[in-house]
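J.: Using the sequences and the accompanying hints, generate a full structural model.
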Amino acid sequence: MGPNTAALLVAVACLGCARAEDLPGDQWAEGTPDRAEDAGGESTTEGEDDGADASPPDAPEAPDVPEAEDEGDAAPPDEGADPVDAADGVDDVEDGEGEAETCGSSSCLPGQTCCSATCVDTSVDTANCGGCGVRCDPDKSDRCAGGSCRCESESACGGGSWIACCPPDGCVDLDWNNAHCGSCDWDCWYGETCSFGTCSSSGP
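Residue numbers (the working numbering): 1 to 204.
Simulated from the structure, these hints should not be mistaken for laboratory data.
We treat Cβ as the ideally placed atom computed from N, Cα and C, and that holds for glycine.
Careful, some of the hints might be misleading.
Once the Cα atoms are required to be at most 20 angstroms apart in a straight line, the calculated EDC-like pairs of lysine to aspartate or glutamate come out as [what the hints assert, rightly or not]:
| hint | residue 1 | residue 2 |
| --- | --- | --- |
| 1 | Lys140 | Asp173 |
| 2 | Lys140 | Glu152 |
| 3 | Lys140 | Glu192 |
| 4 | Lys140 | Asp175 |
| 5 | Lys140 | Asp187 |
| 6 | Lys140 | Asp169 |
Computed beta-carbon distance windows for the label pairs [as the list claims (entries may be wrong)]:
| hint | residue 1 | residue 2 | range |
| --- | --- | --- | --- |
| 7 | Ser148 | Leu109 | 17 to 27 angstroms |
| 8 | Leu109 | Thr193 | 46 to 56 angstroms |
| 9 | Asp173 | Ser202 | 11 to 21 angstroms |
| 10 | Cys199 | Ser116 | 44 to 54 angstroms |
| 11 | Pro110 | Ala179 | 41 to 51 angstroms |
T.: See below:
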């Protein structure tokens, strides 16, 4: 290499160094990256803001529903008579207390019943004892008491002088009844028989 060639190379190298020194330091080292970061940062931030602004608005709150009034307060006030009292009044009417019963062309007194167009007291009437047409058997009872046929005394029944009412057996013949021989509850001994109202043995 000649002296002229070496000098030319040195001059070219110096010229390149001078051009590099003329450029500002920031632009030489970080010019392009800074621009990219500035552009990217601004774009990203604006995107995030747009995303936040684009969120749907809050749903409106439902209006308060008024509370229902107490139904008990809306009940109508008591009117008229007490239903219990009214029912009692109906029962009293159905019982028929103090009212006369119509029987044919006449009216029966309170406590009487119309049987075959006749007013009778079914609590004591032997032909209508406890109800119309209920007749007491004269061989088993001597009276109607409380609406029931009963045999409650030694009074004659059936028309015979020795036919007596002996409870609980009813009407018996005192002449021949071993359990009521001559009188009610007179029981003949074992082996005896009642004959004409007297207990007697049949053996010798």
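J.: Which of the listed hints are broken here?
T.: Violated: hint 3 alone.
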